[in-house]
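Student: Residues per chain, in single letters:
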Amino acid sequence: MQIFTMTKRALANLVGKPATLMYPATPAKQYEISRGHVIIAIEDCIYCGNCQRHCVSQAIVVDREARTWEIDRLRCIICGVCAEVCPKDCIFMEPDYPPSTTGTAMEFVQGPPAPPKAEKKPKAEE
Amino acid sequence: MGNQIVVPFGPQHPVLPEPIHLDLVLEDERVVEAVPTIGYVHRGLEKLVEKRDYKDYVLIAERICGICSFTHSVTYCNAIERIMGIEVPARAQFIRTIWMEYSRMHSHLLWLGLTADAMGFENLFMNAWRLREEILDDMEATTGGRVIQGSCKVGGIRRDISDDKLGEMVDHLKKIRPLLEESNRIFTHDQTVRHRMRGLGVLSKEDAWDLGAVGPTARGSGCDMDVRSSGYSAYGELGFKPVVFTHGDCLDRCLVRSEEVLAAVDLVERAVAKMPDGPIEEKVKGNPDGEYFAFSEQPRGECMHYIKANGKKNIVRHRVRTPTLTNIPPLVKMLEGIEMADVPVVVLTIDPCIGCAER
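From first to last, the protein sequence lines are chains A and B.
Number 22 in this note's numbering belongs to position 22 of the first sequence; there are no gaps in the numbering.
Just remember that this note's numbering sits 1000 ahead of the position in the second sequence, which is counted from 1.
The set of hints was computed from the structure by calculation and includes no laboratory data.
Everything numeric in this text was worked out from a predicted model, so none of it was measured.
Careful: at least some of the hints might be erroneous.
Said to hold, decoys possible - In silico lysine to any residue, SDA-like type, Cα no more than 20 angstroms apart, as pairs: (1) B/Lys-1313 to A/Gln-58; (2) A/Lys-17 to B/Met-1126; (3) B/Lys-1333 to B/Val-1035; (4) B/Lys-1285 to A/Val-85; (5) A/Lys-29 to B/Glu-1133; (6) A/Lys-88 to A/Asp-44; (7) A/Lys-8 to B/Thr-1188; (8) B/Lys-1274 to B/Gly-1236; (9) B/Lys-1175 to B/Glu-1140; (10) B/Lys-1174 to A/Ala-19; (11) B/Lys-1333 to B/Glu-1133; (12) B/Lys-1165 to A/Ile-33; (13) A/Lys-8 to B/Thr-1037; (14) B/Lys-1283 to A/Asn-50; (15) B/Lys-1174 to B/Glu-1134; (16) A/Lys-29 to B/His-1172; (17) B/Lys-1051 to A/Ser-57; (18) B/Lys-1051 to A/Arg-75.
All chains, full assembly: derive it from the sequences and hints.
Tutor: Next comes the structure, spelled out in structure tokens:
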């Protein structure tokens, strides 16, 4: 049995740097593959709806006719499945978290109008 | 003989991290009987399996528990893979093992901190959690998440760890190993810790066996039972030996966990040294048809996933038995005859996780 076992560590902590980050003055730690939130490069999207079908929490709604992509940030569990299944690789995971909110957090992305010729091609690829 | 009174303990109580309710029958200050009640945080995750694709359900299985999350997803995947006869590539098995050991380290360090906090040793509490943060940083750098990794899938894993990163992880573990050893030494030898926990809440080996204790609760009582000995994932190739203590009191349950952190560091180092090359996932075609019981050793003890599937994309029945549920009868036994003031520490030593016990 020993006493003062913690003293050495406590003294080292006293003179050492703080172990915690002074957030928000110092930004939080982030890594390349940290999963923060999902973004889409809508100009590359072919509106195939793969992300909607594979979304575990049913947070994504894709409308092919209206050319829109919608995500409910509060439903999204940031698993990254949509980014994996996207055939065009136009969905990405960003490492920073979305800002906090008190209401709903629907994000609505309107794609550019389809050129009349280009519309048929993506359908053929599917 | 004094009058008997009943004191309700929980579900909301300052020392309890989780909502378990105990009706303590007291005689003076001594507990005569404890009647546990659970059912405050049922979420119905098992029922959800009928509504989701079996491949997507991995992410829900992971959310059964916020601490042993990765082990839940691996156990679920093991069950599906055995039903479908999928051979998981060796590299995927090794990386799964590494992540499972990382989650064991962070779970045990979290628990050691909570225990230090429960006995009022704030300095030790902060020390344990600071070490846990180092482990979580490595987790996030390799999986993208701190406690919900989302990196397991049926047939393998989602993300590979590069060999450089594996080397970095081992270097980092070598760097924090002296700190973990120092923390282990404090838990083993410090007078405050020993005075608070030695001889408290004793569970004999026979009782532990009869009442179905699992995990560190059983190993602290001298039962040499650990599912990792069966060699699932890559444990069979790593020369795994369970950590067993024999007194069966609170201190021994604490020491099992403290030693297991160091054992986990060894296992990770051995797994990295033996890491095979190759693919990280196997293509999965079709749907499962059949049933299987998969077992795994979580930080808290033995966990079982039962899956029954009928060849459709939705599974018919998914049943999870988590270690906390099996550790409640031994807990009731431990509580008999102790002082009221010791109840929080004894309840903590089974590492209760009611969130996963009720799912």
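Student: Is B/Lys-1283 close enough to A/Asn-50, meaning Cα to Cα at most 20 angstroms?
Tutor: Status holds; Cα separation ~18 angstroms.
Student: For the pair we were handed, B/Lys-1274 and B/Gly-1236, check the Cα-Cα distance against 20 angstroms.
Tutor: holds (12 angstroms)
Student: Taking only the CA atoms, is the gap from A/Lys-8 to B/Thr-1037 under or equal to 20 angstroms?
Tutor: violated (43 angstroms)
Student: Quickly compare the C-alpha distance for B/Lys-1285 and A/Val-85 to 20 angstroms and report which way the hint goes.
Tutor: With a Cα-Cα distance of about 16 angstroms, the restraint between B/Lys-1285 and A/Val-85 holds, given a limit of 20 angstroms.
Student: Has the given pair, B/Lys-1313 with A/Gln-58, been kept, meaning a C-alpha gap of at most 20 angstroms?
Tutor: With a Cα-Cα distance of about 17 angstroms, the restraint between B/Lys-1313 and A/Gln-58 holds, given a limit of 20 angstroms.
Student: For B/Lys-1165 and A/Ile-33, compute the direct alpha-carbon distance and say whether it is at most 20 angstroms.
Tutor: Roughly 13 angstroms between the alpha carbons, so the hint for B/Lys-1165 and A/Ile-33 holds.
Student: For the pair supplied as a hint, A/Lys-8 and B/Thr-1188, is the alpha-carbon distance within the 20 angstroms limit?
Tutor: At roughly 16 angstroms apart (the allowed maximum being 20 angstroms), B/Thr-1188 and A/Lys-8 satisfy the hint.
Student: Compare the distance between the alpha carbons of B/Lys-1333 and B/Glu-1133 with 20 angstroms, and conclude whether the hinted pair is satisfied.
Tutor: violated (35 angstroms)
Student: Measure nothing beyond the straight line between the CA atoms of B/Lys-1174 and A/Ala-19; if it is 20 angstroms or shorter, mark the hint as holding.
Tutor: Answer holds: B/Lys-1174 to A/Ala-19 is near 19 angstroms, not above 20 angstroms.
Student: Does A/Arg-75 sit within 20 angstroms of B/Lys-1051, going by the straight-line distance between their CA atoms?
Tutor: Holds - the C-alpha atoms of A/Arg-75 and B/Lys-1051 are around 17 angstroms apart, at most 20 angstroms.
Student: Take a quick look at whether B/Lys-1174 and B/Glu-1134 sit within 20 angstroms of each other, Cα to Cα.
Tutor: The hint holds at about 12 angstroms.
Student: Is it true that the CA of B/Lys-1333 sits at most 20 angstroms from the CA of B/Val-1035?
Tutor: Holds, at roughly 10 angstroms.
Checked against the numbered hints above, the structure breaks hints 11 and 13 and satisfies the rest.
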